[in-house]
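Dock chain B against chain A, hints included.
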Amino acid sequence: MTVSAGQVLALLGPNGAGKTTTIRMLTAVLKPTRGTALVAGYDVVRQPDQVRGSVGVLTENHGLYLRSSGAEYLDFFGDLYGIPAPRRRRRIGELLERFGMAEAAPRRIGEYSKGMRQKLAIIRAMLHDPPVLLLDEPTSAMDPQSAKLVRDAIVDLRTDRRAVIICTHNLAEAEMLADTIAIIRKGRIIASGPPESLKDQLLGPALMELRLAGPSNGLAESIADLVTVLESGDGWLRYSARRPQETNPRLLNRLGRSDVPVLTLTEVPRSLESVYLRAVEEDER
Amino acid sequence: MAVFTLPRPSLSRALVITRREIRDGLRDWRIIAPILVLTLFFPALMNFTAARLMAFVTDYGAPVIGDRLIPFLLMIVGFFPTSVSLVIALESFVGEKERHSLEPLLSSPLTDLQLYIGKTIAASLPPLVAAYLGIVVYLTGLYIALRWVPTFQLLLQIVLLTTVQATVMVSGAVVISTQTTSVRAANLLASFIIVPMALLVQGESVVMFWARYDVLWVIIIGLVFVNVVLVRMGARLFNREELLGHELDEINLRAAWRVVRREFVGDAAGSPVRWYRREIPRALGRLRWPVAMMVLAVAAGFGLGVRYAAVFQLPPSLIDFRISAAGLREQLEQFGLFSVSGAGRVFFQNVRAVLIAAALGTFTIGVLGIVVLMLPMALVGYFMGQMSLAGLDPLLFFTAFILPHGLLEVPAVILVGAATIRLGASLLAPPPGKTVGDGWLTALADWLKVFLGLVLPLLVGAAFLEVYVTPNVLIALLGR
Chain A
1 MTVSAGQVLA LLGPNGAGKT TTIRMLTAVL KPTRGTALVA GYDVVRQPDQ
51 VRGSVGVLTE NHGLYLRSSG AEYLDFFGDL YGIPAPRRRR RIGELLERFG
101 MAEAAPRRIG EYSKGMRQKL AIIRAMLHDP PVLLLDEPTS AMDPQSAKLV
151 RDAIVDLRTD RRAVIICTHN LAEAEMLADT IAIIRKGRII ASGPPESLKD
201 QLLGPALMEL RLAGPSNGLA ESIADLVTVL ESGDGWLRYS ARRPQETNPR
251 LLNRLGRSDV PVLTLTEVPR SLESVYLRAV EEDER
Chain B
1 MAVFTLPRPS LSRALVITRR EIRDGLRDWR IIAPILVLTL FFPALMNFTA
51 ARLMAFVTDY GAPVIGDRLI PFLLMIVGFF PTSVSLVIAL ESFVGEKERH
101 SLEPLLSSPL TDLQLYIGKT IAASLPPLVA AYLGIVVYLT GLYIALRWVP
151 TFQLLLQIVL LTTVQATVMV SGAVVISTQT TSVRAANLLA SFIIVPMALL
201 VQGESVVMFW ARYDVLWVII IGLVFVNVVL VRMGARLFNR EELLGHELDE
251 INLRAAWRVV RREFVGDAAG SPVRWYRREI PRALGRLRWP VAMMVLAVAA
301 GFGLGVRYAA VFQLPPSLID FRISAAGLRE QLEQFGLFSV SGAGRVFFQN
351 VRAVLIAAAL GTFTIGVLGI VVLMLPMALV GYFMGQMSLA GLDPLLFFTA
401 FILPHGLLEV PAVILVGAAT IRLGASLLAP PPGKTVGDGW LTALADWLKV
451 FLGLVLPLLV GAAFLEVYVT PNVLIALLGR
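First to last, the protein sequences are chains A and B. The working numbering puts the first sequence at residues 1 to 285. The working numbering puts the second sequence at residues 1 to 480.
Just chain A, with the same shape it has in the complex (with noise of 0.2 Å):
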């Protein structure tokens, strides 16, 4: 599997999957048994130090220093990532005002909220601008406002050319931010793609829905010859279309033909939480 820059990928799996574990072998702070992994072309294995100058991670639990000031936080990571000082200084800056923050940042941090924290956290991620983030949970305890935030925030990184993963049970969230998802159960990769390619892959092809302004008595076989009519009813039928976007003008061109009074035509929506359910199902089999 390979994210390049630019690109977001989002690991979904059950607790316990791995995912976790992934992104600490990715922060080589966790040797993997087998296999290799690059990180911004550095070697978790042979090249750690590497490894871990290269990433910006956002851990599972942010642990923060509970009496040092919001300020004082992001001024020891970025000496620790070894920013010199008046950059560093100016990025801690640019990023608490980027995240609302700076009113914030010469408080003790033990009296931030959940939220504010979650923000820290994510700042000290990106304080040393790394090509690869790493974001476990970005938006977990966030109110909405907050979460918009972060999740705008991740948009620019992709656009800043930054490859980023993110692990989240937030099916939405991936679906929004990801160009792949990689679903793991149990330390392995049990399905992966583009979010649409996905549900092709484990849903089938897309289910569109035809409603009539009249009865459609007789329509599902008149039409059989183009689609196949999955279900139907008074006034409603719904169809699997493989490639919709040749079958559909063709199906609308004949029943316009036919004065059948066409109301609308659907797609009707697959969710990502239906994928993952899938491929969850699919793989216990």
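Hints listed in this document are in silico derivations from the structure and should not be mistaken for laboratory results. Hints are not guaranteed to be accurate.
For the chain B half of the interface with chain A, some residues (derived, Cβ under 7 Å), not all of them [to be verified]: (1) 16; (2) 27; (3) 99; (4) 103; (5) 104; (6) 109; (7) 240; (8) 244.
Partner residues aside, some chain A positions facing chain B, computed with beta carbon under 10 Å [said to hold, decoys possible]: (9) 48; (10) 50; (11) 52; (12) 82.
The calculated lysine-lysine pairs, modelled on BS3-like cross-linking and capped at a C-alpha distance of 30 Å, are [as the list claims (entries may be wrong)]: (13) 114(A) / 148(A); (14) 434(B) / 31(A); (15) 434(B) / 186(A); (16) 186(A) / 31(A).
Glycine included, each C-beta is placed from N, C-alpha and C at the ideal position.
Using the frame of chain A, we list chain B on its own:
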């Protein structure tokens, strides 16, 4: 533009950790309050005590007690604040682990050594500064009240002693902190530091009242050695993976037994002959250096015995071999020689000594194990020295009393001593890729291989030789 730079390995990076830890510690009243009390109040109290006691003992004509008390209190004033370092050091890694703040630190580009050094300095520095300040407060008070000034040598000794004691406690506590998964477990294990330190301070107290200040140099040098060992141990055992990976401190006897069994049996399952041909040589191969150390230790023990023969010389009347062969045999029979039960007693005595040496060696990185096993050779050296001083042939004594059973017993002692050194040293430096526990269990398996496969048979043979052959040689050579 990317801000990212890859930090170069250096001490300054470790000091970033130190600075933060010290700043954080100075905001913790649980650390500040005892330091302040021990730095300001306690030395002042000791001043008061010294002044009152000086007046009291002078009134009763025993000024020597006061003369000895003042340096003793100087030592105590230096020692007490350093005890705080133990608390800070015990918390250093495991405390952060409990508060979940360790992982971001471990994910930073610091090397293991930088992290270890940064934390160790942070734990040592504030209590040491407090100790030095306490000494200054105490000496200033003494000068004002009694015009007492220590000699430069005594002051140097106390400052050095305080420093090495603090660093020994910190080095040991950091090792504990990296190997436990909770502060509670670390505090429990701290008794491995507190008990020896308490004994040491008691010993130092005797030295101070005895006024044998030259002995302090020996203690300082000994502590420097212990410090080097502990720092090396800490740096070697420090492992990010272990720190994050272990969630529970639990005794899993079944798993431990599996490791010992696997290592003990090796490739020779069900075949004692193959076990002797493959596993014993492998174990001996791993004991090359410990065997060399043991040979040197035994030789040193022998040399010490010879040296002290002149210091503690026996009265010539005790060294009298003018006895008839029959009389000698009768005396030897009274000791239980020439009997199977005598052989049994000798055998069990030797096994007991070996087991005691192994147990002591395990808890002292092999040191006390070596000392126990050196003692018999020291006694041999001592008695050979006595023979020489009495104008007798020491080799005659050696041949008559030692040689027959010594041919088996000395190799047995060297082998078991070497295995014990490895057992103790495995805690100091586990083999690459193994945890401390697994490294120790592997060394234990080797110890068992050597003990069961070689030492026990050698000791059985030695016991029979000692009971049936050595006495006959003795009678033949010395009986009239």
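Verification of the hints:
1. 16: For residue 16(B), the interface hint holds, since the closest Cβ of chain A sits about 5 Å away, which is under 7 Å.
2. 27: Because about 5 Å separates residue 27(B) from the closest Cβ in chain A, which is inside the 7 Å limit, the hint holds.
3. 99: Hint holds; residue 99(B) Cβ to chain A Cβ min 6 Å, cut 7 Å.
4. 103: Holds. Min distance 4 Å.
5. 104: With a minimum Cβ separation of about 6 Å from chain A (threshold 7 Å), the hint on residue 104(B) holds.
6. 109: holds, 4 Å
7. 240: holds, 5 Å
8. 244: holds, 6 Å
9. 48: holds, 8 Å
10. 50: holds, 6 Å
11. 52: At 4 Å from the nearest chain B Cβ, residue 52(A) passes the 10 Å test, so the hint holds.
12. 82: Given a least distance of 3 Å, the restraint on residue 82(A) holds.
13. 114(A) / 148(A): holds, 15 Å
14. 434(B) / 31(A): holds, 13 Å
15. 434(B) / 186(A): holds, 25 Å
16. 186(A) / 31(A): Holds, at about 17 Å.
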